[in-house]
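S.K.: If you want the building blocks of each chain, they are given just below.
Number of protein chains: 4
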Amino acid sequence: MSSSKIKVGVLGATGAVGQRFVQMLQGHPWFEISALCASERSAGKRYADACNWNLRGDMPAHLRDMVLLECEPGFDAELVFSALPSESATAIEQRFAAAGYGVCSNSRNHRYDADVPLLIPEVNPEHLGLLEIQKQRRGWSGFIVTNPNCSTTHLISALHPLHVRFGVSKVFVVTMQAVSGAGYPGVSSMDILDNIVPYISGEEEKMEQKEPQKLLGTFDGTQVRYADLVLSAHCNRVPVRNGHLEAVSVEFKDKPAQEEILQAWAEYQPLAQRLRLPSAPQPAVIYLAAQDRPQPRLDRLAGTVPGMATVVGRLRPDPLFHYKFLVLGHNTIRGAAGGSLLNAELIVAQGYLGSTAAALARSLEVA
Amino acid sequence: MSSSKIKVGVLGATGAVGQRFVQMLQGHPWFEISALCASERSAGKRYADACNWNLRGDMPAHLRDMVLLECEPGFDAELVFSALPSESATAIEQRFAAAGYGVCSNSRNHRYDADVPLLIPEVNPEHLGLLEIQKQRRGWSGFIVTNPNCSTTHLISALHPLHVRFGVSKVFVVTMQAVSGAGYPGVSSMDILDNIVPYISGEEEKMEQKEPQKLLGTFDGTQVRYADLVLSAHCNRVPVRNGHLEAVSVEFKDKPAQEEILQAWAEYQPLAQRLRLPSAPQPAVIYLAAQDRPQPRLDRLAGTVPGMATVVGRLRPDPLFHYKFLVLGHNTIRGAAGGSLLNAELIVAQGYLGSTAAALARSLEVA
Amino acid sequence: MSSSKIKVGVLGATGAVGQRFVQMLQGHPWFEISALCASERSAGKRYADACNWNLRGDMPAHLRDMVLLECEPGFDAELVFSALPSESATAIEQRFAAAGYGVCSNSRNHRYDADVPLLIPEVNPEHLGLLEIQKQRRGWSGFIVTNPNCSTTHLISALHPLHVRFGVSKVFVVTMQAVSGAGYPGVSSMDILDNIVPYISGEEEKMEQKEPQKLLGTFDGTQVRYADLVLSAHCNRVPVRNGHLEAVSVEFKDKPAQEEILQAWAEYQPLAQRLRLPSAPQPAVIYLAAQDRPQPRLDRLAGTVPGMATVVGRLRPDPLFHYKFLVLGHNTIRGAAGGSLLNAELIVAQGYLGSTAAALARSLEVA
Amino acid sequence: MSSSKIKVGVLGATGAVGQRFVQMLQGHPWFEISALCASERSAGKRYADACNWNLRGDMPAHLRDMVLLECEPGFDAELVFSALPSESATAIEQRFAAAGYGVCSNSRNHRYDADVPLLIPEVNPEHLGLLEIQKQRRGWSGFIVTNPNCSTTHLISALHPLHVRFGVSKVFVVTMQAVSGAGYPGVSSMDILDNIVPYISGEEEKMEQKEPQKLLGTFDGTQVRYADLVLSAHCNRVPVRNGHLEAVSVEFKDKPAQEEILQAWAEYQPLAQRLRLPSAPQPAVIYLAAQDRPQPRLDRLAGTVPGMATVVGRLRPDPLFHYKFLVLGHNTIRGAAGGSLLNAELIVAQGYLGSTAAALARSLEVA
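In order, the protein sequence lines correspond to chains A, B, C and D. Just so it is clear: in the first sequence, position 364 is 364 by my numbering, and no numbers are missing. Just so it is clear: in the second sequence, position 230 is 230 by my numbering, and no numbers are missing. Just so it is clear: in the third sequence, position 281 is 281 by my numbering, and no numbers are missing. Just so it is clear: in the fourth sequence, position 294 is 294 by my numbering, and no numbers are missing.
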């Protein structure tokens, strides 16, 4: 019954990522939307009036008449999903955390804070241990958890099973990123039809220095010790609607046989999958054997939870590194709203949201 | 006056590359088309009837009524440009060379023969010294000269000025290649709209092992000693009509300062440019300073001879190699027909085509 | 249980439309595939080996090992779906009909035969009365039923509810057709990137003279008397993957009020929907009120059975005709394989396939 | 010599249309830019700093350092080209006209004023007679002349030669318009990749009611009497960068033979072409005989002055009207900046700019 679900709010509900949150929360077994929040300009309007719905399929009918709130604490919810733009995310998210809400944020603002988990449930669930430290240090009753950039998410998702077995030391990556990664209206059609734009502001820095080392780092009970891998990234925008494709070359501390890499992916069964979190794809990483895959249009929705899996292919030796292969993932699902949502599911399942939520989660899981 | 020009034929004149030869030879100061050759099926037809002209601008009016010949020696020409498919190029090109024609071939069939120059006029003009050896060994009165693959051409054109100064040792390259590289009809729209295909048959092998080492190799008077650089290539097809974009990371034997690389490109004045060959762009390599360039649509025709220059940009340090940057070049102009044409111009200017041609070239050059 | 389903074969199972048949038949409540047939060249191979699967999602796992048969009667099935190319469809389809199979064909070859139904279940179900005449005249124990061209299908689906109330007399239509309508490889990317091709061979003739008049014609017990509407069609190919969009202006025998047209669409409940055929969308025609819809990417899969509905929008007065509006429909689902499939469902439900099948259909329907 | 040219300014010089003005005025035989004007925000900056140059080829070198002025009269010029947005065009253009400048405007604001010529030099040069009336009525020493919307321009350019011979009475047109028609950034890539948007705000009204009737109207010495043709327009945005394609069906007062229409286009030699205005293409209307032309990518730059001609094709009988055919034209060249420029050339040649300018024009023409 609906009333037994965990109430959640969406901050920035009218934008591209906000719409994805709304879409993915529709019919969610654990969560139900109790509040949609937007900018001052939109607050007070019906969701259907303020939001230019841009996704396939209609806006959920029962939310059309929901009146948009301002992004301020006060409404009935245990958790909020943040799709706020960077300009306003910091202050608003902190107010919600201070007021006792769990904040699952897709914004980049708090990603690199030492006491804020940068989380991929399959990769570093133990980093949630930072939450106690965060709450204590900041005096918050709630908390903030972030998910990484869309390109980093799928790269690290593909590398993690290899890293735990063989130790990734060097990564060369060239991304071919879909236009939806820039939001709406985002990339002008004048810039991208019959073209590639070989520059995305801030993206190479995020992939080289800021996110992978934290994601693959180890939590020692008090802090995350960064992994020491070195990455080089070239980031490009391509005329594809959804799905980031990445050409990757890797060097390991211990060079595995090619077969061992395939095995590492095939046997990968991280916590999120073992917990059967509702949005966790089974498997988390899909290897395609065809010589010309993965391809964005064909494979961005592959797997049991469309858009949530990471797809790899074309594993082969590399003349300069050990191996090269391709990584593909959906950027606005797993790479944005879906990443936050899976984070929230892990938070609930691990009991970080209060005993009621955890009990619910356990009971739902068994059922 | 037209009658003083060097007569040339085009083999495979109805296809995509053949059309480019015809287009680029229109109004050429040194060459005039005396024969258009095609498959048995098309031979005997008017060019306008057999050829589905696919380029912007009309088919040259004076060639519309030219009757297509079979690809057999016998017509009046000193030189032939070959746009033949690989299935038939070997035997036909050899017959023409044996019959005394100079063959400037865009086909890959003879590229890797030890006695056949794989030529980029700016890069390795001295490899034309192989022609004497080739004629002697094969007993031919004519000869075959080839140009490299479209992706290799621009990569090596960008690297050559750096190689001669600092010694390139390692190259990592990810290509984003235009659909025209696959010919016509080539890539199905069903495969490439809203998509990327991360596989091009045979392309990575050509870029890693077959062409760069020969192009940057040294001719010792009897053979080409291959350069010892190591390359890793990922090749992708993208929904762009013309222009291959390449993300490149490089390591040198002697690491230069970033400024020295810019200087090497700026000061690059190779033989083809000093000879003022008609199709040689001035400069050969163009560096764009804007942070988001080069882009295929905006820059593929940059420079004094549209489509013949190599465009570079975004030079910056690389965390794993010394530097990274972008390379862009037009694949069906410099990367195919235009490459063969510039080869032919060098051949004429260097006197390999007979004394008449050389005299003509000299006189034209002075005028 | 699977064994109680009606066995069907797919002729031309490896091509684009054949793959759609296979995809849409997966999990079908009435039909199960007992044979996949292909050209001589592919017969004898495993389906997974002979077929370059081009649709999203994988080839149905249980069919991967099915060995392809030649397109000859003899296997166990009551019905075959034909995705044969026009070059071979006539003879093969006739052999199957003669041998007792029901043939639901997407090929154009028999569409205009006087004794062959050209069928859209919502529009002219009574034309199935031709089957008795067809069997008698041709001495067949089986039969052939066809579905119209993809552009005609959606145009007439949108017009039919208006035609029965107000009498359509004149139709002006300009199509913007997706590349998938030309099959695979079909339209070259060289022809359609950054371009429109304002010509599709044979398409305007089909839409103007051959199909609408028969579809909207009346079956008088012995023949179909063609409707007397006059159409003008301009057909264009556009760089869209799926979904034909059509700009339509209409004149009626009795000019309705604008509101009456909306009402006619809203109240449209034809036989196929009343019978609750498994592939019949509810409703058959969807009107979108937004001023900029329908759009191919957003709306081609609208409705309860993705790709089977016809979507209309932007109804407004026309200065030259009575009204103008837009029509959108999925061309390879309802416009091809899905059209044949729904035809087959109507055939079963109406008892044209033998008493067993009809009984099954009735029982399934009740359940 | 440069100093003998007519000095012109560009209002709104940093935007998409403004850049086209700058590009087309480079090397113009009659005009030279003496001032570039922009919004308050950009005024005072160098053109190279304030303008994100978006066209192929570089910004003209000699203008890079020109300091942008505000859009206020006072600088040395006889004529200004206006690329102002509608929000600000009215007041600014009127101030310039009042101050004695000739204003050639691409904005829509004054197009429908009774005393302002809506001008296509080939179509209605006699409408310049309105200028005396305009100056008198408004008390201006300068004047305003406008050019029509991009879609209307090419439609009427194609119809005019037929209208003068056979009288066009009814026109049905469906446009497929390039994204550049919406300016920069204009259409979001999220809206148009793999899609069509069948709505362009205000466009159908302009094509049906506002512009064609005035353009084809007759100037009786005091006013323009509107032509009485009736049009129906459906306007669509398609994923094409440049070039509007229009499917047109026409009915005439006197139905000509098909051959007579071809003849009317072939013999079309309007005033602008007879005057040999520098930007007037020869011929003005190009008929392509191939069955699948014109196409935007192949034909948008056809003719002697790239982007200035109107290209027609596929003339054939129409079942509902007399004939149907296709019209293609470049929307940001002839359809915007180039239209204003040709208007200015006609104004100079007809002596409306003062005796000096006219003398110059005559002398240049003879030379």
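FYI, nobody ran anything at the bench for these hints, they're computed from the structure. Just to be clear, a hint being listed does not mean it is correct.
Since the list can't tell identical chains apart, any single copy or any two copies may satisfy a pair.
In the BS3-like style, the derived pairs of lysine-lysine whose C-alpha atoms are separated by at most 27 Å in a straight line are [to be verified]:
no.: 1; residue 1: 45; residue 2: 210
no.: 2; residue 1: 45; residue 2: 253
no.: 3; residue 1: 135; residue 2: 253
no.: 4; residue 1: 5; residue 2: 255
no.: 5; residue 1: 210; residue 2: 7
no.: 6; residue 1: 7; residue 2: 135
no.: 7; residue 1: 7; residue 2: 170
no.: 8; residue 1: 170; residue 2: 255
no.: 9; residue 1: 255; residue 2: 7
no.: 10; residue 1: 135; residue 2: 5
no.: 11; residue 1: 253; residue 2: 170
no.: 12; residue 1: 5; residue 2: 170
All values derive from a computational prediction rather than experimental measurement.
S.K.: So, for every hint listed, does it hold in this structure?
M.R.: To see whether the hints hold, each was checked on the structure:
1. 45 x 210: For residue 45 and residue 210, the Cα distance exceeds 27 Å both inside one copy (38 Å) and across copies (36 Å).
2. 45 x 253: Answer is neither: 56 Å inside a copy and 44 Å across each miss the 27 Å cutoff.
3. 135 x 253: neither (36 Å within a copy, 52 Å between copies)
4. 5 x 255: neither (47 Å within a copy, 53 Å between copies)
5. 210 x 7: Neither: 33 Å inside a copy, 54 Å across copies.
6. 7 x 135: within (21 Å within a copy, 64 Å between copies)
7. 7 x 170: neither (43 Å within a copy, 55 Å between copies)
8. 170 x 255: both (12 Å within a copy, 20 Å between copies)
9. 255 x 7: neither (47 Å within a copy, 53 Å between copies)
10. 135 x 5: The answer is within: 25 Å in one copy meets 27 Å, while 61 Å across copies does not.
11. 253 x 170: Both ways: residue 253 and residue 170 sit 9 Å apart in one copy and 20 Å across, limit 27 Å.
12. 5 x 170: Intra 44 Å, inter 56 Å, cutoff 27 Å: neither.
The earlier numbered hints that this structure contradicts are 1, 2, 3, 4, 5, 7, 9 and 12.
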